[in-house]
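With chain A fixed as given, assemble chains B, C and D onto it according to the hints.
Number of protein chains: 4
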Amino acid sequence: MLVKIAPQHAESSAALILANARCLGLEARAMSDGVGGIAIGVSGDLPDGALDVPGVTSVIRKHKPYLLATREIRDTPTLIQVGDVTIGGPEPVIMAGPCSVETEEELIEIARMAKAAGATMLRGGAFKPRTSPYSFQGHGEEGLRRLAHAREITGLPIITEVMEPDMVEMVAHYSDMLQIGTRNMANFPLLKKVGQAGKPVMLKRGFASTIEEWLMSAEYILSHGNPDVVLCERGIRSFETATRFTLDLNAVPLLRELTHLPVIVDPSHGTGKRSLVESMALAGLAAGADGLMLEVHPEPERAMSDAAQTITLDVLERIVRRGRALVELLNGQPLLDPTVTSLITA
Amino acid sequence: MLVKIAPQHAESSAALILANARCLGLEARAMSDGVGGIAIGVSGDLPDGALDVPGVTSVIRKHKPYLLATREIRDTPTLIQVGDVTIGGPEPVIMAGPCSVETEEELIEIARMAKAAGATMLRGGAFKPRTSPYSFQGHGEEGLRRLAHAREITGLPIITEVMEPDMVEMVAHYSDMLQIGTRNMANFPLLKKVGQAGKPVMLKRGFASTIEEWLMSAEYILSHGNPDVVLCERGIRSFETATRFTLDLNAVPLLRELTHLPVIVDPSHGTGKRSLVESMALAGLAAGADGLMLEVHPEPERAMSDAAQTITLDVLERIVRRGRALVELLNGQPLLDPTVTSLITA
Amino acid sequence: MLVKIAPQHAESSAALILANARCLGLEARAMSDGVGGIAIGVSGDLPDGALDVPGVTSVIRKHKPYLLATREIRDTPTLIQVGDVTIGGPEPVIMAGPCSVETEEELIEIARMAKAAGATMLRGGAFKPRTSPYSFQGHGEEGLRRLAHAREITGLPIITEVMEPDMVEMVAHYSDMLQIGTRNMANFPLLKKVGQAGKPVMLKRGFASTIEEWLMSAEYILSHGNPDVVLCERGIRSFETATRFTLDLNAVPLLRELTHLPVIVDPSHGTGKRSLVESMALAGLAAGADGLMLEVHPEPERAMSDAAQTITLDVLERIVRRGRALVELLNGQPLLDPTVTSLITA
Amino acid sequence: MLVKIAPQHAESSAALILANARCLGLEARAMSDGVGGIAIGVSGDLPDGALDVPGVTSVIRKHKPYLLATREIRDTPTLIQVGDVTIGGPEPVIMAGPCSVETEEELIEIARMAKAAGATMLRGGAFKPRTSPYSFQGHGEEGLRRLAHAREITGLPIITEVMEPDMVEMVAHYSDMLQIGTRNMANFPLLKKVGQAGKPVMLKRGFASTIEEWLMSAEYILSHGNPDVVLCERGIRSFETATRFTLDLNAVPLLRELTHLPVIVDPSHGTGKRSLVESMALAGLAAGADGLMLEVHPEPERAMSDAAQTITLDVLERIVRRGRALVELLNGQPLLDPTVTSLITA
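Protein chains in written order, with this note's numbering: chain A, 1 to 346; chain B, 347 to 692; chain C, 693 to 1038; chain D, 1039 to 1384.
The hints are simulated quantities; they were obtained by calculation from the structure and are not laboratory data.
Note that the coordinates shown come from a computational prediction; the quantities given were computed from them, not determined experimentally.
Glycine included, C-beta positions come from ideal geometry on N, C-alpha and C.
Certain hints may be false.
[Claimed, not checked] No farther apart than 20 Å at their CA atoms in a straight line, the calculated lysine to aspartate or glutamate pairs in the DMTMM-like style are these:
1. C:K965 <-> D:E1179
2. B:K619 <-> A:E169
3. A:K273 <-> B:E558
4. D:K1311 <-> C:E904
5. A:K192 <-> D:E1179
[What the hints assert, rightly or not] Pair ranges (Cβ atoms, derived):
6. C:H841 <-> D:P1265: 54 to 64 Å
7. B:F482 <-> A:Q8: 50 to 60 Å
8. C:P739 <-> B:M516: 36 to 46 Å
[Stated by the list, open to error] Heads up, incomplete: computed chain C residues facing chain D, CB under 8 Å, no partners named:
9. V748
10. V751
11. T902
12. E904
13. P945
14. S967
15. M972
16. A975
17. R1013
18. V1019
In isolation and in its complexed conformation, chain A is listed as follows:
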């Protein structure tokens, strides 16, 4: 059951409803509705009596299995603030950087160039999930320090992956945003932990997860107290082997209908092929994404991992420039053209 409460009674009425739910043995969670009121998700149905508090403006009994992630509970899109960057607003966020954190010198050089090319956040992996136990596993905490240093120098907020519950605190200490990778989308102990981390989280889609499962994973984070979740489509596994994964842009407009959370697109992992990144980045923005995550390196062939899908800085610059123009154009186009409408009305 979803319950919405008007601003003037929000706090006190929400407290009553949460108490009533607890009393009946139901799980209930409250969340800002973005316009001063409070939205409450209850995993079950409260009786009418339990809802008899001032300010209840709407009660939804039939809804999606995710309570806080659903758009039904909140009319306004969630805006997420990471340093100076707002994710979910009119300006697309551009997270760019190397797959793995490189040497300090190189990382700072890439960060500077990425910023010049238009990036608004710096990405880089310090802990790397690798298929082989014998592959390079990342620089660990030293990598986090380098990222933090690159932030100091460039001013770009940083985002990096956290792979296990025990590391959440440490990664959150250094990083502005936590990334949950595709292999950990259903790592529920990890999701609970980042739900309490006090830092925004980017949740990548599991490469074989349905959109509903993905939103249920977002619900784990939201229901543990963290309202700042960004979803990142990064490609699913299909029968097609010409691309490393199948970037599923259909997810973008579908998520717009289902959730108030921002959605970004990662065409680097989604295609696994450098030459496809620009087209799919532009396509992702045209589909309505709130931003992009891109692997970039001045000399991709020298990158410590994922070289095949890493673009150069000049391609990044082009993606940002063309992508921003595209978003501006689509936002500026009227939805109805009155001169033509008359001709096409049945």
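Positioned in the frame of chain A, the structure of chains B, C and D alone reads:
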């Protein structure tokens, strides 16, 4: 083996090479290279002697398994003329119409409205592949007549599906372009027949076919004498059930690299969900598609089939308007921004 | 709506119900119920009055979308007679032979050896659906003649693929059973034609078709008048590339619940890997399959196609021997063990 | 590089080679070869000099990316001892029990009945990975205590899932075998931890993981010091929705070729449908599996989770009885029948 011959010796040298190949028991096919010369694909390797004819400008021994469909054989994109419409040029083609041909009156009304909304070709099914033998199977030849009538009135060239070899001649008689549906992408007898039909063909991707298999099917048509093949991405089958199919836009830029044939996108079948069509249409164009195929109806719920994915005419108008603006914008943006480039050079 | 009629009134009452359905504009088809009565499938609901004929023993209003293929309409399994071979009975059918028909001499040698190894039917392709237009496409009618000759000599009934409606008559002339290949499972004009061919049909599963779509394709054949349809699971396309396809044995027990038609398994195409064929053949029989289709050749590496998945004759012998012992064992095991049952009752 | 050392020099020569590898900055791991010698996997190539130690019997330079999991390194199958039970030997292991640990009383009742029906190990989840944060998450440590109690009473060794690195020690304290669930197959920090846990591990296949990725995950456990890894095929995600997952039995014979580790099959999760479990269990054994994992409950509809795929005790009894007979039959059948062989030799 791929062989390219310069314009001045094209015809005579091509004839010699084809004869040499035949003599050695190899399959060989010739095709215009788009700039006056001739490109020849040979299913095997000719000895040096057999290539000793005037005008041979290049010989490629290691290449893709499709000979005539590969971009290696032809530097210029193939432009396909259907009536007044050019597919593959700077203007995106917009094929729109009902899923199935409706009554004559309704079809003509839809065609008029679609034209007003910006459509440049009329689609409509007269022969319908239906999962159930008890479902409506289309109006057959009567449906073709209605399409031809709608063309007379609106001037829009028509495209319609042909499902069996025996019907190719009849459908080609009425239609300006033949459509091979997803279930028939590997119907090789049908492909051979449309290869001899003398009308352009739109080949939809099999919903579980790899891009290589798709190009091999195009090769069937090309190698039987028909150079006018348009590829249409229409969604693949994945594990995701929130959309009817997974429109695989990654195919668009990938095909650009692999083939000289035009590529269009069908977001109606690709998503199966009306509310996603506009976003995915724009995304398809941003990914580089040469056009769109869209199911449209003034009152989608009254359409004879595929109602759930059919858009209204005002949405069509919006897609065309915004889509054209987007294509123009992307074509107009310079690929390099000199003021920034200096900052991002390593 | 499904209607069952008792033996004593079967013909006359069925005729009445079919007439009533026609009169109301509904599609209706009658079929033997295997025990003397008649089962009728109607694509819609008849009013009570239309059912008021003698001998109606049951009326089912809520049922699967396939009418004649569903087990709801017929309690007894369908047995299909091909020459001396019964498919669907206690003895598993073993269809074996080369992928493509080879020279006459070789084909006859393989047929003799396959029979000695325990095969009960001979398979071999005369018309081959090949991904490349430049690959060997089969020996055509000459191949059919060779198959017929091999039958004369060995007494083994033959099964071979038909790829297009125009060829159905010719293939049915030579062959004892028609095969519809995976790429043609949804070739509806072809299905209609084999529905009228008067020869049993083996319908392979489309490699990306759901079980429901597969049964709907069987329904095309049944509803066009041919009751003798055998389903053949031959592998589906998944993300896994270690095997050519993913043989989906889950389909076998599931089809047992859904349909009265026999089900066989093709582990040659289902795995694409010779070394896996024996294990998966035995697994298929343990899962309940009515038989196997196997590609076999005395010297697999010399086979004209599909060498990698072709087994030798001694492996065939072993599969038949162990498979028959396994089926006999499972058929002979009691379903309940009374001495143990008492211990495990709650 | 894989290096095998003969028994008489095993320890000392292995130590030398490991030291040489370390000295060259390569990863190297040693493992028993099952017959007294030692097998060493090195992530890179040692120069000839570094291999010049006594007892080196073979050096393999080209091999699979997993070093310790590959059959190339070890000729004998790995046998794993869990209490009195040997996994990988001629007797199939039967792990049975409820999806989730129920009340203590019920769990003990199920354990007794399962043992009577032929189970050799008890399964049950104390920590449950659930898609929804609001679903029952398992009884935690209290559940582990109940399992341990059920073991005391029945003598059945227990297996239960561990979901996070921090819990490994606790779960290993109570349990005889640790289970890594499908969602955690690529949870590398967890794999490293169970690699040091000193208890056998059953590693379920990720439902969208390739067989190679699965073996790489086994390699994580092996390379961290734990040689006792059992692989469990539990179904992959495909386009088919008639079953919850697609149990991929092809994996069983394929793993036999690729690895020396035992393989078991879970037809409960693999199909998600109670009525298919028996057939697929038998098929799994016929395909060569070393055992089964089955969800069982006296009243499936009352089970706390996964009711739809849980079988009753009498079905378990039947599976065990028929399954054992089938394995015995197949093991007993000679691989060659000399009377027939003469007939089928080309």
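(request) Find the hints from earlier in the document that the structure breaks and name them by number, from lowest to highest. (result) 1, 2, 9, 10 and 18
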